[in-house]
Structures are given as C-alpha cells and as structure tokens.
Amino acid sequence: MSSLRSLHLTPRVLASQGHAEGRGASCPLLCHCTRLSPSPLGRRSLTSAPRIVNISVLPSPAHAFRALCTAEGEPPPALAWSGPALGNHSAAVLGQSHGYRVTAELSALTHDGRYTCTATNSLGHAEASVYLFRFRGATRASAIALLLGALGLKALLLLGVLAALATRRRLGRAGAVPSAGLTQPEPRVTAPLPPP
0 MSSLRSLHLT PRVLASQGHA EGRGASCPLL CHCTRLSPSP LGRRSLTSAP
50 RIVNISVLPS PAHAFRALCT AEGEPPPALA WSGPALGNHS AAVLGQSHGY
100 RVTAELSALT HDGRYTCTAT NSLGHAEASV YLFRFRGATR ASAIALLLGA
150 LGLKALLLLG VLAALATRRR LGRAGAVPSA GLTQPEPRVT APLPPP
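Residue numbers for the sequence shown follow numbering that gives the first Met the number 0, beginning at 0 and rising by one.
No lab work stands behind these hints, which were simulated from the structure alone. Glycine is no exception: its CB is placed at the ideal position from the N, C-alpha and C atoms. Any given hint might turn out to be false.
[Stated by the list, open to error] Pairwise CB distance ranges (calculated):
id, residue 1, residue 2, range
1, Gly98, Leu145, 36 to 44 Å
2, Gly151, Thr109, 34 to 42 Å
3, Phe132, Ala165, 44 to 52 Å
4, Ala154, Ala107, 24 to 32 Å
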C-alpha cells in the first residue's frame, strides 16, 4: 500500500506522492510535512536554522528611534541585540511570537552606529545589522555665517568676471593689442631746421 504525503512550503505549496519510506525532504524554506495515512507515526517535524527575515529602524516619539528584528526558525530562535553602548550582547524586549517566527524590539537607540541582531537556536545562528546615523544640523549662527560666506564668494566671482569683460571691451575699442616685442618701430624722418 502506497502512502500519500503532502509537503507544504511557505509561500508556495508543493504536493508529492509515493515517496519511499526513509527519504527526507530538504528545502531552503521553512516547511511542514504531514503524512496523510492513518498511521500514528504520520506526523513529521522539520527543523531549521534561524534566518532573519526583517530588520528595520523606526521613528518613535520625542525624536528617538527604535529597532525591530524578526527571525524565523524551528525551534523558534532567541534574539539578542548588540551595538554602541549596549555592551557585547543586550537582551531584547520580546515582541510578537507566531510559532516559528519571533520579533524583538530595541526600544531606544541612543547612539549612532551599527546595531546587530543575532538569532540563535540549537541548529545555528544568523546575524543582520542596521546602521543609525542621525543628521545633526548646524547651529543657527554657523548656518548663517556659512550662507553669507557662500554669497560673498559668489559676489567676488561675479565682480572678477565683470572686471575681465570690461578690460577686454576697453582693449577692443583701442584697436589691436600690440604684441610684446614682435614689431619694429617705424623710422622717423626729420628735416633739418633752417638757420636763423
């Protein structure tokens, strides 16, 4: 009697029939196998190493930021954060947990730098990082000084261009510009003065 099995993959469904006993299925996705025969040994459990599926930085009230890390694996992985001012590892606040998928939140990112989420279970570990760099604007006085300096530089550049154009126009009206040392002076003829 042939046994009928179905293999469900996330996000696609793959059905297979008539596999010989003792053969396993391997897939890169988390999967759940169910044997559809009436045997009590029909349930199979699959295990997988953790995989981080989402890591993000989100704004929170009062100009602060928080980070979320979502990982999946079977058995469900434990999540930990590391980063600036957190020491080597910091326990994350566990958020949602849906079977094989867990989410942890790092509620206050106080320093700029690299924050790493590590997911660990009995089959391995996975890491993913986010970088936080907040833009810190200049003070009002230095911003005004910078703008005035840029405006002054542009004004000097404009004056230089106008002076060059005026000089060129003036030389163009006076005639050809003599070459330096390439022309010979014309001889002058002078008549002797009559005696008195």
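So, going through the hints one by one against the coordinates:
For Gly98 paired with Leu145, a C-beta distance near 55 Å fails the hint of 36 to 44 Å. The given range of 34 to 42 Å is respected by Gly151 and Thr109, whose C-beta atoms sit roughly 39 Å from each other. Between Phe132 and Ala165 the CB atoms are about 49 Å apart, so this pair conforms to the stated range of 44 to 52 Å. Between Ala154 and Ala107 the C-beta distance comes to about 47 Å, which lies outside the given range of 24 to 32 Å.
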